[in-house]
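J.: The residues making up each chain are set out below.
Protein chains: 4
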Amino acid sequence: MKKVKIGIIGAGRIGQVHAKSISGSISGAEIVAISDPYLDGAKKAADQFGIPEAYTNYQQILQNAAIDAVLICSPTNTHADIAMEAAKAGKHIFCEKPIDTSVEKILETQRTIQAAGVKMQIGFNRRFDHNFRRIRTLTEEGKLGEVQIVKITSRDPEPPSAEYAQNSGGMFLDMTIHDFDMACYQAGSPVEEVFAAGTVTVDPEIGKAGDIDTAIVTLRFANGALGVIDNCRQAVYGYDQRVEVFGTKGAAAAENDTPTNVKLSTQEAVFSDKPLYFFLERYMQSFTDELQAFVDAIRYDQPVPVSIEAGLEPIRIAIAANKSMLENRPVKISEIE
Amino acid sequence: MKKVKIGIIGAGRIGQVHAKSISGSISGAEIVAISDPYLDGAKKAADQFGIPEAYTNYQQILQNAAIDAVLICSPTNTHADIAMEAAKAGKHIFCEKPIDTSVEKILETQRTIQAAGVKMQIGFNRRFDHNFRRIRTLTEEGKLGEVQIVKITSRDPEPPSAEYAQNSGGMFLDMTIHDFDMACYQAGSPVEEVFAAGTVTVDPEIGKAGDIDTAIVTLRFANGALGVIDNCRQAVYGYDQRVEVFGTKGAAAAENDTPTNVKLSTQEAVFSDKPLYFFLERYMQSFTDELQAFVDAIRYDQPVPVSIEAGLEPIRIAIAANKSMLENRPVKISEIE
Amino acid sequence: MKKVKIGIIGAGRIGQVHAKSISGSISGAEIVAISDPYLDGAKKAADQFGIPEAYTNYQQILQNAAIDAVLICSPTNTHADIAMEAAKAGKHIFCEKPIDTSVEKILETQRTIQAAGVKMQIGFNRRFDHNFRRIRTLTEEGKLGEVQIVKITSRDPEPPSAEYAQNSGGMFLDMTIHDFDMACYQAGSPVEEVFAAGTVTVDPEIGKAGDIDTAIVTLRFANGALGVIDNCRQAVYGYDQRVEVFGTKGAAAAENDTPTNVKLSTQEAVFSDKPLYFFLERYMQSFTDELQAFVDAIRYDQPVPVSIEAGLEPIRIAIAANKSMLENRPVKISEIE
Amino acid sequence: MKKVKIGIIGAGRIGQVHAKSISGSISGAEIVAISDPYLDGAKKAADQFGIPEAYTNYQQILQNAAIDAVLICSPTNTHADIAMEAAKAGKHIFCEKPIDTSVEKILETQRTIQAAGVKMQIGFNRRFDHNFRRIRTLTEEGKLGEVQIVKITSRDPEPPSAEYAQNSGGMFLDMTIHDFDMACYQAGSPVEEVFAAGTVTVDPEIGKAGDIDTAIVTLRFANGALGVIDNCRQAVYGYDQRVEVFGTKGAAAAENDTPTNVKLSTQEAVFSDKPLYFFLERYMQSFTDELQAFVDAIRYDQPVPVSIEAGLEPIRIAIAANKSMLENRPVKISEIE
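Residue numbers (our numbering), protein chains in the order written: chain A, 1 to 337; chain B, 1 to 337; chain C, 1 to 337; chain D, 1 to 337.
Hints listed in this document are in silico derivations from the structure and should not be mistaken for laboratory results. All values reported here derive from a predicted model rather than from experimental measurement. Be careful, since some hints might not be right.
Intra- or inter-copy, both count: the list cannot distinguish identical chains.
Stated by the list, open to error - EDC-like, lysine to aspartate or glutamate: derived pairs with alpha carbons at most 16 Å apart:
1) K332 x E193
2) K20 x E205
3) K2 x E158
4) K2 x D47
5) K263 x D273
6) K143 x E268
Whenever a hint applies, use it, and build me the whole structure from the sequences.
T.: Next comes the structure, spelled out in structure tokens:
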């Protein structure tokens, strides 16, 4: 079977992660070109991963007739526009999250995609994490019965700068958005109402910049289940990423992954490893697996596993969470828009 | 040193638990009498635990001059009245929780206790659980830094009957009250605001009776920390009782205790024990330890570790939680009374 | 049903442990008297545990017609003689291990017991440990299939003095004897051959005293299974007591018990508790449970769970292990006597 | 820096594993050619991993002047001869274990390598396992103090056929050889004496073929430490690969790795994953890491991490273990040769 020819738009960190996955581990795909406004970056990545072409302009990728699909790894505020251009150029699209922070813009993108008849997958890679996918599988197999409560712990090892926080759209859109997606994925249901309690416990500068760094978010799902997410911009022991689903027949829980499972016992204590440091370490395999799924969806003409609809849902929850926090009241998702 | 002479009021399950602790493991105390309106019950307990006197009326205990302290193990709606009578009779008091479901009545009891100059300890035994106390100790030692988030999972192995639920004052006053106390204990701070999301996922009859069986409760503590409790009236795998405290220097988490730590590995899976079944199994040692602390407080004339003030706090939070759920909005504790 | 009247011979540490168990937790038994050549010790224990009589001479206990059973908690070299006297006085016997270090003396004791028709249980308390008993139960239920390998780790938190070691009969008779019993118990089979490799890695003085402090012992069981024990007189992290049974259908493994299951995660590492410190902490419940089994065997006229035959087996293995180490060759148990 | 040009000799399973590592994950190397007597196999691998040349004869690889280093992945009985030829052709050598089952032949190979001045690394990949390497690092950092006991559990998920067993040189040379290497690696010391107890508990046909399938092997290291290995050809729950090092300052233990860390709690039990199934799953990363180390040793002209001397040691222990089992006595390694 013919390999899927891929162009990568954006040679930054996540673009390189995907280039490494495709050149090293993914079957049925090859990278034809990579573009970046900073041409040296594109060239360096091309050299490192054996990519034939390096462009300065992503439109060169869209114009390359040999390319079947693009990975949009450019800054967030360009995602939707590039996706629409790519759709019109007939390319299948893998787009990093979020598509956009405007619901309207996402809906416009959705219409464009549908009109063009191309596939578009959103980069919610955590759905492909081995642990979290295993929990979902247990639920789908009926091992947990009806889902009653979804619990997510999501804490970063290091806070962003206050400057970054100020331009991030706020913690809910920047960080919790992954957890909103995970919550819907695990509950198997959209969210109907959200209540968000936020505060600043890590860095007062983040507070001065108008953002929060710590939150508890309660979710009410359409299927009657409840959800709760606890977030913090800094856990000194590292990246804390746990999920638990509790149902009428059982509960499944995923702990953090660690570099080794070695235990050291001394006169002082028993020591074990801290969690894998951050998302590149913890979720590396999931970045590969989501791309393999995207490539397979194209090769076998199957639906993509994380559609643009799935990409819209967390945006709406994040916007509702912001509103909930500002107004200190539960907010229905239907209020958004 | 003279032993503390104790009278037990109420020979039901919890009365027997305390009688067993004192007769078996507690130093510096002895049980002089036990009373129960159902005299055969009192006699049977007296026989089993070698208690000299069995009465039908608790006032016989209050009138017994040899008795230094009473344990109030009677039905909840009698706690406050008996406590006030006991105080007037000059007895130190150990009172099962809740003292009452009326804030006013508790305040009245408090005034009576203070006027009488006796000690009164409330039976929030979970503070004495080896795991949870260890977390608190770590916080007090500064190992966790400033507390940012307190997380409590509290799920029962079996739901009560709908009839029981109807007369229980609701899940927050009947079940979550322990968790409200634990939350304040672990945060080292009172609660200022609560938001409660409740639902029915276990037994529709409980819903028809006007109660809930599943909840997520968000707490905002006076010291700036956030808290979250997830409750369910039924976890099919048993009594699920976990606590986690997350702070600026570290996090501490307690898992469930199990009957053994044996792992069985077969072709099918790796099997380990379910949690200890219910509160008598899980918290037995804590029932003993709270009484030892009460006895020691009397013998060495020290403050009791769980005062009537500490007993009032969870009641107010529970009432606020009920209000929050009914009105679907966050409620300040200051709104209560 | 009538309570079993018990006399305790020896008011040292283990005598006090048993006195506490019987006075606090054991049903169907009461202590009538305690004896110790050091009368003040006997009196102090009598006072502490509410024992009516304190004697200086154990024969006063044997002569007390009210006493049904004795616990022999005196020094090892007196066990066999007192047991034989007690048997002749018609008392049931609970005897601390080892009965004696001479196979001949044990066989003589056995004949005396049988002639007197009394029960005699040996204090191999670890068989009653909740974890180890659970493994045995899994084997008996057929969950492990045929036993192939029994693995025991047994390490003390602190070495004895070289002087103690010199008079202990050697590590195999003093310490490993418990593990030899556990091995037979878990394998469900006697041992046929033993190979012992010993060395000195903890305290050179122990070596100078002619003993070892570290060993690997290989066992060949009559039923075809293999066994291995690793011992050390000092594990700096505490009392290391683990058992694993590996069979054709599965494997079961018991880890160490800990004071709490709390995990502390900091920037440095994840910390958890060291094992319970030593045998009084780790095996306290087993001391109670073995006595309850002894009392029940008397009350219901059932066989005792650890007979004098079971008490002989580990002695023979220990003697064979010593011979194996000295001659650096595998030794058959049939060579002993 | 110039990439190391590699030729792979043998396109079987392990040859493919290495081809995948080099083409996907290893930096600084590229595969120039692959050979296999079964040319279709070589061609298929060449196609799959983008290898330019596929040969039927390994000598074509040795004659290819562009090739810097060869990976010997051919049948065991050809390793030494091919290695010597490759050395004479000036190629650096990565050779799968064992080099040979004859000590003399290995010594001859060693002399040839030394004369040729090429590097030769032996494929004891488990030294590169993240868990086991971590234990060794802790020892080297002094966290464990002096090593007292090394314990290795090594059990396969499925037994080989009796026919395979018969031609394998026996379990010690075929399977335990990895554990002998691991034992020396972890102890940081050669072995001086071995005692092996073997038996048949899995498949009587293996016994009829003159081999064993279950063993306990005791090791005495030159540095005074003791070691013990327990082996079985079949653990029904999967590949059981654990290492523990116990020392004067602490102990370090590695458990099995699992596909996920998800726990499922139901009314029946708490379920967790079985170990990763077999060596390809469990040790995949170590296969990559050992090759990266080999490539780096060539590029930076450093000593290889597992030399031919290190490859000889386990052979001598295995031969001594066979002798020990047959003669039922401890055997000194110095007796071999």
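J.: Are the hints correct? Go through all of them and say.
T.: Hint by hint, here is what the structure shows:
no.	hint	in the structure
1	K332 x E193	within (4 Å within a copy, 21 Å between copies)
2	K20 x E205	neither (36 Å within a copy, 48 Å between copies)
3	K2 x E158	neither (43 Å within a copy, 38 Å between copies)
4	K2 x D47	between (24 Å within a copy, 14 Å between copies)
5	K263 x D273	both (8 Å within a copy, 12 Å between copies)
6	K143 x E268	between (41 Å within a copy, 12 Å between copies)
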